[in-house]
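J.: Chains as they are written, first to last, in this note's numbering: chain A, 1 to 374; chain B, 1001 to 1307.
Keep in mind that the hints were calculated from the coordinates and are not lab data.
C-beta: ideal position from N, C-alpha, C; glycine also.
Do not take every clue at face value.
Unchecked claim - Chain B regions said to be covered by chain A (calculated; three or more residues, Cβ under 8 Å):
1) 1118 to 1130
2) 1156 to 1170
3) 1178 to 1187
4) 1214 to 1223
5) 1289 to 1299
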Amino acid sequence: MMISRFLLGAGLAVVMLVCGTTTYVYLGTKQSKVAAPAQKPTAATPRAQALTLPGTLYLAQSGALYSLSAGRFHQLTPEAGWTQPSLYPDGSNLVAVKQTRAYSDVYVINRFGTVLRQVTSNAAPARNKDTGANHWSFYPRLSADGTTLWMAYDQPKYGYDVVLSIWAMPLAGTVRQGRLWTSANDYTGGDVQPLPVRQGGAMYTKYSYGPDTKLISQLWYTSRAASAGRALTTAAEDCRTPALSPDGTQVAMICTYEKQVSYLTIASWNGSTLGARRTLVSDQLVAQPTWAPDGSGIAFLAPGVAAGEFQLWWLPKAAYSPPAPSPSPSPTPGGPHNGPLPSPSPPPPAPPVKAIQVTTNDGFDATSPLAWLG
Amino acid sequence: MSSVAGGLAYFVPAAQTALEATGQVIQLPSPSPTSIFTSRSPSPSPSSVPGAFTVLLLGSDDDSKFSADHVLTQSMILVRVVPSTKEVTMLSIPRDLYVHLSTGGFAKIDGAYSYGGPGAAIATVQQDFGVHIDDYIWVGLLGLVKLIDAIGGIDVVTSNPVMDDYYPADIYSGWPYDYERVAVLAGPQHLDGIHAMQYVRSRHGDLQSDFGRSQRQQQVLMAIRQKAKQLSPADLPAISAAIGGELKTSIGLSKVAQLLPLAASFDNPDQIRQIVLLPPYTHGDGPDGSINPNWNLILPLVRQYFP
């Protein structure tokens, strides 16, 4: 009898221990996983083979560059501040930014991530302890002939007024041989994302204070260094991140209408002005639209779940081609430029063809443009 | 019973932090004899709208430059919530606003907390703005960083490249008077705690200085609320453990439990009003680099949105 009671007691103790532990562990499994760190693209499950995109796509995550080819990711560089890859026109190499806490530099790397050359030298001289003696270079792009490096560079700057301006320099030279192309607005962040165009000059994103004193972004175009340039989009549209289609006739961009939303918008481009806007994605945050080199669609970055890390998405061409007829917006009298101006309100909602989420557990750098080799 | 014990053990960190951080007693200082503002709003009374309440959000630089209980409030945001209409109004109070402090004398409003803790900050805002404040939430610099990291980061459309060559390196640096460079690039992106802090704290590169920073702070608050909707109660222990000691509030535990489901129901961004007291509501020619309030414009605005 005593043994039975002892066994019963021991059994109950075991049951209590198991129940208590199980409850603790069970509650742990009910966590939302919102704080789970992003997986490396090379390790993420499910892997990206579910949808094979054409060519090779280059992306950045956590300071490392990755390539996505035939549905498989490869890590090209260590996690050491690498971001913003951009291809040589012939696809032979890439230029990319390596950012530290105090400065960033443009490097030439091959398609396997090996550093071939450092192009800029933006670190302050060793004895200079003034943090302002360092410089930033961002958004490198090469001209069609591959000899000129376009970038956003924080020179000139005056004390606290640190703005990025569009510069062009010989890829084989130094920034001292470079040329300042744009005049950035003071205390705005400046001019960024240069996109050299066939007609000469560059399209870029300019930040300004809008009529309501809020900071807004606009696409601008300038054909000559130090010329005034002109706006391609209105302040109310609040557009940025231009990306040219492979045939050079369309521009994809991100417009936010001064709100915490973003729209993937496309417009025709005739080398001088943008045509009617067409919204392709409007129901989620979107960043970095990039045209497939074969014209089969547009890749972009967007959260996989609400308020989550940014994943790779794919929008097939069927979503936006053939273009639906839409009336041209009428110019605004007295407007700052002569090009067609759109309505300040968001264009009509997206067509029924849906974007496809390619990755699920990654955390791509949404401030880093994608590079796509056909 | 053992299951209950297991559950209790799981939530112990949250409960411990919650007990330490919540339900803080507000001690309002006695009105100063020189108070000339009491006639503006003799005794702000609770809102007449059923269920509506007003919270004062306070954010402080609490690095080693300051003694623990005498920090300035770099950020002061009045938030009014009307559950019945699902409306939220956020009004950022400039930290340099030259006002009459509840503890006596005139100074920048960011000093109110330093002189008398949350009670003095609340009393100052109540007497000067003529509002009734139900509760306060105070968070330190590191607390915001840890909170955002604990919820897995936030998604924000950053308005512009935030460039600052002289950003204070006072959180993780051994020398709190050091500087570092900051470049938060623009556009839709996922921000971790440190980068979100840089985005809301930097002001050197903004023509509107503290006003521009206030607008960014409201963006990040909205993003935190958006992310909070994804959380489950089982996340609370990890979050509590992360922010322990960096957050204080007068809101009691029972009210927190009521507010969590309420936060998820505020879905319409058009129902969320954001106000920053730019000129002409203020003008920047006050003493010692302060900003003078234009009460003739501010008070009708406050009466409209914080009745």
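J.: If a hint holds in the structure, say so; if it does not, say that too.
T.: So, going through the hints one by one against the coordinates:
Here the segment 1118 to 1130 of chain B counts 0 residues with a CB under 8 Å from a CB of chain A, which misses the bar of 3, and the coverage is violated. Against chain A, the segment 1156 to 1170 of chain B contributes 10 residues with a C-beta closer than 8 Å to a partner C-beta. That satisfies the three-residue criterion, and the hint holds. With 7 residues having a beta carbon nearer than 8 Å to a beta carbon of chain A, the segment 1178 to 1187 of chain B meets the requirement of three or more and the stated coverage holds. Only residues whose C-beta sits within less than 8 Å of a C-beta in chain A count toward coverage, and the segment 1214 to 1223 of chain B has 4 of them, enough to reach three; the restraint holds.
Coverage of the segment 1289 to 1299 of chain B by chain A is violated in this model, with 0 residues showing a Cβ closer than 8 Å to a Cβ of that chain against a need of three.
In summary, the structure is inconsistent with hints 1, 5 from the numbered list given earlier, while agreeing with the others.
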